[in-house]
Amino acid sequence: MPTDVENWKSEVYGNEIRDHLFEFAEQGFDSIPDDERDAWFERFKWWGLYHQRNGQEGYFMMRIGTPNGVLEPGQLRTVGEIADEYARGPGTNPIFGDAYADFTTRQSIQLHWIELSDVPAIFEKLEENGLSTQQACGDSWRNIVGNPVAGKDAQEVIDAWPVIRELNETFKGNDDHSNLPRKWKVSVTGSADGSGQGDINDLAFEPAYKEVDGEEVVGFNVRVGGGLSRNEPRLARDIDVWVSPERVSDVAGGLSALFRDNGDREDRYNARIKFLVDEWGAEKVRDTLQEEYVDFELHTAGRDVREEYTYNTGAGERNDLVGIHDQKDGTNFVGLNVLVGRMGAEDVLELADVADEYGSGEVRLSQRQNVIVTDVPDDELDNLLDEPILEHYSPSPSPFMRGSVACTGTEYCSLSIVETKNRQVRYARWLKENVELPEDLDQFHIHLSGCTASCAQPQIADVSLRGMKTRKDGDPVEALDVGLGGGLGENPQFARWVTQRVPVDEVPGAIANLVESFADERDEGESFRAFVARHDEDELDAFVDPEETDYEDPMMHNTKRTWYPYAENDSMEDAPSPPADD
Amino acid sequence: MTTRLRVLDDGAWISVNDAREVRVSELWRLDAPDLCECTLTDLVVENFQTVGVDGSTVEARVYGQCIACGETGITDWVPIGRVRGGEFTELDRGAVRRVRREA
Ligand code: HEM
Ligand code: SF4
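Protein sequence lines correspond, in order, to chains A and B.
Counting in this note's numbering, the first sequence runs from 1 upward without gaps.
Counting in this note's numbering, the second sequence runs from 583 upward without gaps.
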């Protein structure tokens, strides 16, 4: 039997949702019929609007999909202005204030506290400036990710940016591909660093060489069925296909149609293509694609460059894109660390000015929730580095600041079990003050996800933290499971969950003890990931060793039982009513 | 009167008549010998799987973990509340819930 969601989708879905959305916005939140709320909230996701959690009725998270994380000159300012004007709600975040933008692990932007009545004005402003929320959530082609500095990166094998643009234009608002069984996450990478993180996407194009008619050509190998969610992490599987840049769209469309027609629409938990690939195997995926979904002969896979991957590998160079790096054209891109991806609206506007002044005005977003100012000439670098805003968003941050990634968590997210972003900020600050990494290491990745959906990509970090509960002195408290040794690269490895349910106030102590054991016992020059790989789970569990320290956690209680964890009167009874329409 | 019961947003909460009523991340005390060996399972509710109704009792099957012993799994039907005259009342959070095996 098809699910309720499938039934709603078969009635109204895709582009047409927009007219209804605008009508509700005009008539007011209360005009959504009582018995149709679930259906409409589900549909609104397709246009990038996600109803915030219980206690925040009538407020929405809005996701803006920026393909490959590219914000053209002027677009960051637009985001800052919208955040400043519209992303203000009844709750004030003690660290980030009243209005801010979140840069996400899929190179998108999230704003909170959006009111339905403001949506038409926001859409108008976004669209005037070439931005959109279309398909940012919901069951369709999501924001396409890749190496954010595509087209500029001196290390690149092939420029993936034109390919990504073509895919975006072809598959956004495309009625044949707008109603898929589940989300469809695509990554296209042209650089040899692996920074597109193809392995954890539903569909990945990775740079590869192939001999075609006696000539070596650069194109892409294809992998299908990666994803991290629900305790069922999968790496995308090699389906033995190489494709030229001109044909990427045909192959991507073929695979998306294959998913549309064959994915499980009766069980949303089993709907992602990773499960279809489990069931079919890579060979059947390839055969079906060839026989039913493309009208040309597919090439077999070409020679990839996976052995050169460095991004999020936990060793070697360029684990992220923070810092100053060469562009092909002789200028530079400067990656700035945005702690847990959140930036106050004023800072967003300030950064837009700085990017204008020293670069081209363009900025790009990475999958580590950071921002990159591009096109900075050599003789402007020093001036850029002297800008006050770079003290906070640093190109050379402490390893613990730099390595921090965190998802949305109980502040807004229905699924979460624990508070995340603010907690990760507190952790990073404490670790910076109290823990010394071995001198040869400038990176240490700690990713915190509030639940198993894994939006912060915990399984590919040195230290993975995932929301849980436990009892401490009999009382329920927020806790974290601790995993170790994850990373991407030629041979990706998901973290192993070694220590369960550590009360949140003992996690910094646990990490301090872990780093100390690592520093004492590592081989000369050994990476943390390699160190983890040669120990068994009991040994690792012993290294973790949770301990109370002078770190204090103000959010130990069930932050989900509040309407907003940081409100003075935080109980559900004090929840604001849905915003009045004005 | 029929009651609309749904699991939504990837199992994050249960909707009763288009209102969000029961959510994940709570700790429930369960009498659930099939799930783990603890006298009472101390379950973190991570995802709702399905929701149904037995008489006036609304029940759900949930995925979660017992924080006393670490066992994870999907429960049989656990009572979560009652509907009377179209009104839903959530079961007291401290209550011990007895799991009903599927007939
Ligand atoms: C209100 C906030 C959010 C909600 C309710 C939410 C919901 C979810 C859910 C339900 C999943 C499981 C996916 C599945 O099985 O299909 C998921 C996975 C994921 N989401 Fe989110 N999410 C939120 C915020 C974010 C943010 C901030 C990002 C960054 C754009 C993000 C990126 C991801 C990633 C990378 C995964 C895991 C990888 C995968 O399985 O594909 N999510 N999210
Ligand atoms: S990982 Fe879980 S808690 Fe965090 S944003 Fe995603 S769904 Fe929410």
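I should point out that these hints are in silico values taken from the structure, not numbers from a laboratory.
Mixed in with the good hints, there may be bad ones.
What the hints assert, rightly or not - One-sided and incomplete, this derived list gives chain B residues near chain A with beta-carbon spacing under 8 Å: (1) R586; (2) L590; (3) D592; (4) A594; (5) S597; (6) R602; (7) V606; (8) S607; (9) V665; (10) E669.
Said to hold, decoys possible - Covered by chain B, according to a simulated footprint, are these stretches of chain A (three or more residues, beta-carbon under 8 Å): (11) 451-461; (12) 469-480.
Virtual Cβ for every residue (Gly too), placed ideally from N, Cα, C.
Here's how the hints hold up against the structure:
no., hint, verdict
1, R586, "7 Å, holds"
2, L590, "6 Å, holds"
3, D592, "6 Å, holds"
4, A594, "4 Å, holds"
5, S597, "5 Å, holds"
6, R602, "5 Å, holds"
7, V606, "6 Å, holds"
8, S607, "4 Å, holds"
9, V665, "15 Å, violated"
10, E669, "14 Å, violated"
11, 451-461, "holds (count 3)"
12, 469-480, "holds (count 5)"
In summary, the numbered hints that this structure violates are 9 and 10.
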